[in-house]
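Heads up: the sequence shown at position 54 corresponds to 54 in this note's numbering, and the numbers run straight through without jumps.
Any given hint could turn out to be false.
To be verified - What follows is a set of in silico ranges between Cβ atoms, one per label pair, in the way DEER data are often shown: (1) MET43 to ASN4: 16 to 22 Å; (2) ASP32 to ARG57: 17 to 23 Å; (3) ARG57 to ASP5: 15 to 21 Å; (4) ARG8 to ARG37: 29 to 35 Å; (5) GLN34 to ARG55: 19 to 25 Å; (6) SER46 to ASN4: 17 to 23 Å; (7) ARG37 to GLU69: 25 to 31 Å; (8) GLY58 to ASP30: 28 to 34 Å; (9) ASP29 to SER56: 27 to 33 Å; (10) ARG8 to ARG55: 16 to 22 Å.
Just so you know, these hints were derived from the structure itself, not from any lab. Each residue gets a CB set at the ideal place from its N, CA and C atoms; glycine is no exception.
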Amino acid sequence: RFINDCCRVSPGETATARDLYIAYLRWCDDNDEQPLRQRDFGMKLSQSGYRRQRRSRGRHWWTGIGLPEQVGHPADNPAADSYDGGTESTSID
């Protein structure tokens with residue numbers, strides 16, 4: 001549901017792993033969903049066919065998925081830096 005609600009999906013789309021995860025945390029908070037840990041979130045994205053790449057300065061990016069401009073810069077939200085819980089299976093599709 002997160003992807004349908006918040007993301008743009010096309011071969012040319014990209015998003016940093018950090019920005020995508022922070023947007024996901026916000027979506028979970030807004031929708032009273034228990035978020036997946038970042039590692040599990042990444043595994044779900046991979047299983048859904050999105051590709052993770054490492055680019056300059058060690059940053060990880062996802063290709064085939066992006067965030068709309070109105071989301072802004074999720075990296076400005078410190079929520080992902082302190083989040084450490086959640087192993088429940090929350091749908092990201």
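Of the numbered hints stated previously, which ones are contradicted by the structure, given in increasing order? 2, 3, 4 and 5
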